[in-house]
Amino acid sequence: IGAERVLHLATPPYDDGVTEDEMIALYKSRFAELYP
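Read in order, the letters of the sequence shown correspond to residues 1 to 36 in the working numbering.
Just to be clear, a hint being listed does not mean it is correct.
[Claimed, not checked] Just the calculated beta-carbon pair ranges, DEER-fashion: (1) 29 with 9: 17 to 25 Å; (2) 36 with 1: 32 to 40 Å; (3) 2 with 25: 21 to 29 Å; (4) 30 with 8: 28 to 36 Å; (5) 30 with 9: 14 to 22 Å; (6) 6 with 36: 28 to 36 Å.
Keep in mind the hints are simulated off the structure, nothing from the lab.
Every residue, glycine too, gets a C-beta built ideally from N, C-alpha and C.
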């Protein structure tokens, strides 16, 4: 398998210092907007 581009993998919610519960709430709200 070839790769044309490789990017750094990060976990922005954790990197920003949010808690596990806050991260779950954030992702739930994002998915709710995408899939109403």
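Hints, one by one, checked against the model:
1. Checked against the given bound of 17 to 25 Å, the beta carbons of residue 29 and residue 9, roughly 23 Å apart, stay inside it.
2. Roughly 36 Å separates the CB atoms of residue 36 and residue 1, a value that falls within the hinted 32 to 40 Å.
3. Checked against the given bound of 21 to 29 Å, the beta carbons of residue 2 and residue 25, roughly 38 Å apart, lie outside it.
4. The hint said 28 to 36 Å for the Cβ distance between residue 30 and residue 8, and at roughly 21 Å that hint is violated.
5. Checked against the hint of 14 to 22 Å, the C-beta distance between residue 30 and residue 9 comes to roughly 19 Å, which is consistent with it.
6. Under the hint 28 to 36 Å, the C-beta atoms of residue 6 and residue 36, about 34 Å apart, fit the expected range.
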